[in-house]
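Engineer: Sequence:
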Amino acid sequence: MLSQQNLTELFAKQHTWQDRYRQLVLLAKQLPDFPDEQKTEQNQVNGCENRVWLSYQKQADNTYIFSGDSEGRIVKGLLAILIIIANHKTAQQIAAIDFQSILHELKITDELSQSRLQGLAKLIERIKSIT
Numbered sequence: 001m002l003s004q005q006n007l008t009e010l011f012a013k014q015h016t017w018q019d020r021y022r023q024l025v026l027l028a029k030q031l032p033d034f035p036d037e038q039k040t041e042q043n044q045v046n047g048c049e050n051r052v053w054l055s056y057q058k059q060a061d062n063t064y065i066f067s068g069d070s071e072g073r074i075v076k077g078l079l080a081i082l083i084i085i086a087n088h089k090t091a092q093q094i095a096a097i098d099f100q101s102i103l104h105e106l107k108i109t110d111e112l113s114q115s116r117l118q119g120l121a122k123l124i125e126r127i128k129s130i131t
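The numbers in our numbering rise by one with no breaks, and the one at position 74 of the sequence shown is 74.
Quick caveat, the hints were computed from the structure, so don't treat them as lab data.
A few of these clues could be false.
To be verified - Pairs of lysine to aspartate or glutamate, EDC-like flavour, derived with a Cα cap of 16 Å:
no., residue 1, residue 2
1, 128, 98
2, 122, 98
3, 107, 9
4, 13, 105
5, 39, 71
Construct the entire structure; sequences and hints are all you get.
Structural biologist: Dropping the structure here:
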């Protein structure tokens, strides 16, 4: 997976919404496979247009590694971005992240429907609540 810095550089090169859309789809394809046995109600994030699952592992150094999946390509791409931003950070670092500001900087949120924005907020809420 990319680093947050790589992500910023990558999206800075995308000049149209179609370019950013294609990049979201490519990011979705880069998410590691999410095992079917982890697609449980406990891991499901409610309030999203598509079904979305998110799980995590706390590491020995108190950082978190997130993984997830979605039935929708765009939602899965958005999930990939959130995972890139949150991975390898402590609970305190994750709590301090302004996800919305980063997404705005990447010019992701400008073209999303209201229901997708609400789902995105639910994903961010879930990531922050895990820690």
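Engineer: So, for every hint listed, does it hold in this structure?
Structural biologist: Hint check:
no.	hint	verdict
1	128 - 98	holds, 11 Å
2	122 - 98	holds, 14 Å
3	107 - 9	holds, 12 Å
4	13 - 105	holds, 12 Å
5	39 - 71	holds, 11 Å
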